[in-house]
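The chain contents come next:
Protein chains: 2
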Amino acid sequence: MLGLDPDPSKLWPDALAQAPADGPPAGRAAAAVRAHCAALIDAAGPACVAVKPQLACFERLGGDGWAALAATVRHARAAGLLVIADGKRGDISVSAAAYGQALVGVTATPFGDVAGLGADAFTANPLLGIDSLQPLVDAARAAHAGVFVLVRTSNPGAADVEELALAASGAPLWERLAAIVTQLGDGGASSRGGLTDIGAVVGATAPEHVARMRELMPRTVFLLPGIGAQGGRVGDLAPAFAPGRAGGLISASRSIATAHEAGGAPASAARAEAERLRDAAWSLS
Amino acid sequence: MLGLDPDPSKLWPDALAQAPADGPPAGRAAAAVRAHCAALIDAAGPACVAVKPQLACFERLGGDGWAALAATVRHARAAGLLVIADGKRGDISVSAAAYGQALVGVTATPFGDVAGLGADAFTANPLLGIDSLQPLVDAARAAHAGVFVLVRTSNPGAADVEELALAASGAPLWERLAAIVTQLGDGGASSRGGLTDIGAVVGATAPEHVARMRELMPRTVFLLPGIGAQGGRVGDLAPAFAPGRAGGLISASRSIATAHEAGGAPASAARAEAERLRDAAWSLS
Chain A
497 MLGLDPDPSK
507 LWPDALAQAP
517 ADGPPAGRAA
527 AAVRAHCAAL
537 IDAAGPACVA
547 VKPQLACFER
557 LGGDGWAALA
567 ATVRHARAAG
577 LLVIADGKRG
587 DISVSAAAYG
597 QALVGVTATP
607 FGDVAGLGAD
617 AFTANPLLGI
627 DSLQPLVDAA
637 RAAHAGVFVL
647 VRTSNPGAAD
657 VEELALAASG
667 APLWERLAAI
677 VTQLGDGGAS
687 SRGGLTDIGA
697 VVGATAPEHV
707 ARMRELMPRT
717 VFLLPGIGAQ
727 GGRVGDLAPA
737 FAPGRAGGLI
747 SASRSIATAH
757 EAGGAPASAA
767 RAEAERLRDA
777 AWSLS
Chain B
497 MLGLDPDPSK
507 LWPDALAQAP
517 ADGPPAGRAA
527 AAVRAHCAAL
537 IDAAGPACVA
547 VKPQLACFER
557 LGGDGWAALA
567 ATVRHARAAG
577 LLVIADGKRG
587 DISVSAAAYG
597 QALVGVTATP
607 FGDVAGLGAD
617 AFTANPLLGI
627 DSLQPLVDAA
637 RAAHAGVFVL
647 VRTSNPGAAD
657 VEELALAASG
667 APLWERLAAI
677 VTQLGDGGAS
687 SRGGLTDIGA
697 VVGATAPEHV
707 ARMRELMPRT
717 VFLLPGIGAQ
727 GGRVGDLAPA
737 FAPGRAGGLI
747 SASRSIATAH
757 EAGGAPASAA
767 RAEAERLRDA
777 AWSLS
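Chains A and B supply the protein sequences, listed in that same order. Residue 781 is where the first sequence ends in the working numbering, and the numbering goes up by one at each step. Residue 781 is where the second sequence ends in the working numbering, and the numbering goes up by one at each step.
Please note: incorrect hints may appear among the correct ones.
Identical copies look the same in the list; a pair holds intra-copy or inter-copy alike.
[Stated by the list, open to error] The calculated lysine to any residue pairs, modelled on SDA-like cross-linking and capped at a C-alpha distance of 20 Å, are: (1) Lys506 with Leu780; (2) Lys506 with Asp627; (3) Lys506 with Pro521; (4) Lys506 with Asp609; (5) Lys506 with Ser589; (6) Lys506 with Ile626.
Simulated from the structure, these hints should not be mistaken for lab results.
Use the sequences and the hints to build the structure in full.
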């Protein structure tokens, strides 16, 4: 999966050239971000099944940035790719429902319906509990979309909270989060290829836990960030792919977008790096 | 504090009338949302110290919605109110830094700097640990802004994760989150009135915990959502105000915006309800 984390100060040169020659910086930068993401999708997309735009990278350019995000989602879908909106949202009741509308749903207004981003799935934060996830799950199911719930993230600080041992079980908190993912997934009306519609975000930087996670979540798709720049290695992730190729989605962002820094043109270097990661992942399954 | 959770299907009639007569639904609805929030701020703002826009309510209208959010932030600040951007964000490393840029910071681009929302503070989710919060804290401090970290939310589902007892202490997870808040706050260079720049979100619907939270976080500002529509009562929150009036920020959204449903014009009913809540809170301190 191709992570899209566009940094306006590190865009491909051809994308910068596509920005308008004048106007406010936010609009010009957003146009360049949009062109950069489109070029990245065109280059690396054929070696990927999905793109994962990180929402803050677009939000920092305001309304223009959000419009660039929406255009990027449309471009990826037109290229036949799934879109996983990575915002790690989590809130309660009507606020959670509003996130569902923004990401995969529709908002009724007196002026007509307004469609949200139209993502195929999105990431969600489970700290606030099951009743905070349920409106997101409901919105996703209504749109035939999926949810990836954070279980154990790829950063060292995951130890501070996610790894805390619980009194009831002695197991780390993330095992409880895995149980919530399984519970929500079992409520799904449909399953494709034996997999449920509620996935889990499982950091690729802690491969020692992946086998246990697969045991706890046998029918769950794992979104595996942290490959490449964060140090995760595809070869360590075999348990994620135990149910088959569709059981794991490895995600890389910077290692693809900046592959040309080791030589070559941006597009061809990105394509080669994406193909290398794909082949490494598929050799495991 | 005035919560701004605009639902495009429940806007004040005068605000609907300010939308353009034609154009795409998103633009018209966003214009009406902007007018609604401005009218609510003008009506209830004088009885409040801050507004708390809930970001998803704007994001569901796309780029137009985000532009309406930015306009609402400017309107509130021009009225002398603090702005707390309620997005409950949480992510790692460069992604967390990007949220900081979007909410309180600035983004450097080849076309010039792009200012973010310009909020005075924002809410953050601590599930991913201290290294995920640090870039948000750093961004806030650079902008002389604050962060409110989720500790114990106002929904019943808070019991699913936040209330889990930890093996090490026997105490609920939220006590560990409170310790993280205190740790981050103690690293602050400045404190105003003996309070730190890192606050805590503490649901007003579980007042039985507020005294313990005050014990764990003696110098922390508490953001107390859940008053009104969610069932929380101001009179139960005295411990929050123990350090003085500035120690607690009670937040109400729907009970103010819909006060006119019990009679009266929207603006005067909203003002009266906001004044009632303010007087109730101040009588505790």
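If the cutoff is 20 Å on CA atoms, where do Lys506 and Asp609 land: within, between, both or neither? Let me know, please. Cα proximity of Lys506 and Asp609: across copies only (14 Å, versus 37 Å in one copy).
Measure nothing new, just compare the shortest in-copy and cross-copy C-alpha distances for Lys506 and Asp627 to 20 Å and report within, between, both or neither. neither (40 Å within a copy, 24 Å between copies)
Between the shortest in-copy and the shortest cross-copy C-alpha distance, which are at most 20 Å for Lys506 and Ile626: within, between, both, or neither? neither (39 Å within a copy, 27 Å between copies)
When no copy is specified for Lys506 and Ser589, does a C-alpha distance of 20 Å or less occur within a copy, between copies, both, or neither? Intra 38 Å, inter 17 Å, cutoff 20 Å: inter-copy only.
For Lys506 and Pro521, with the copy left unspecified, which applies at a CA distance of at most 20 Å: within, between, both, or neither? within (15 Å within a copy, 35 Å between copies)
When Cα atoms must be at most 20 Å apart, do Lys506 and Leu780 count as within-copy, between-copy, both, or neither? Neither way: Lys506 and Leu780 sit 33 Å apart in one copy and 52 Å across, limit 20 Å.
Figure legend: structure checked against the earlier numbered hints; hints not met, in rising order: 1, 2 and 6.
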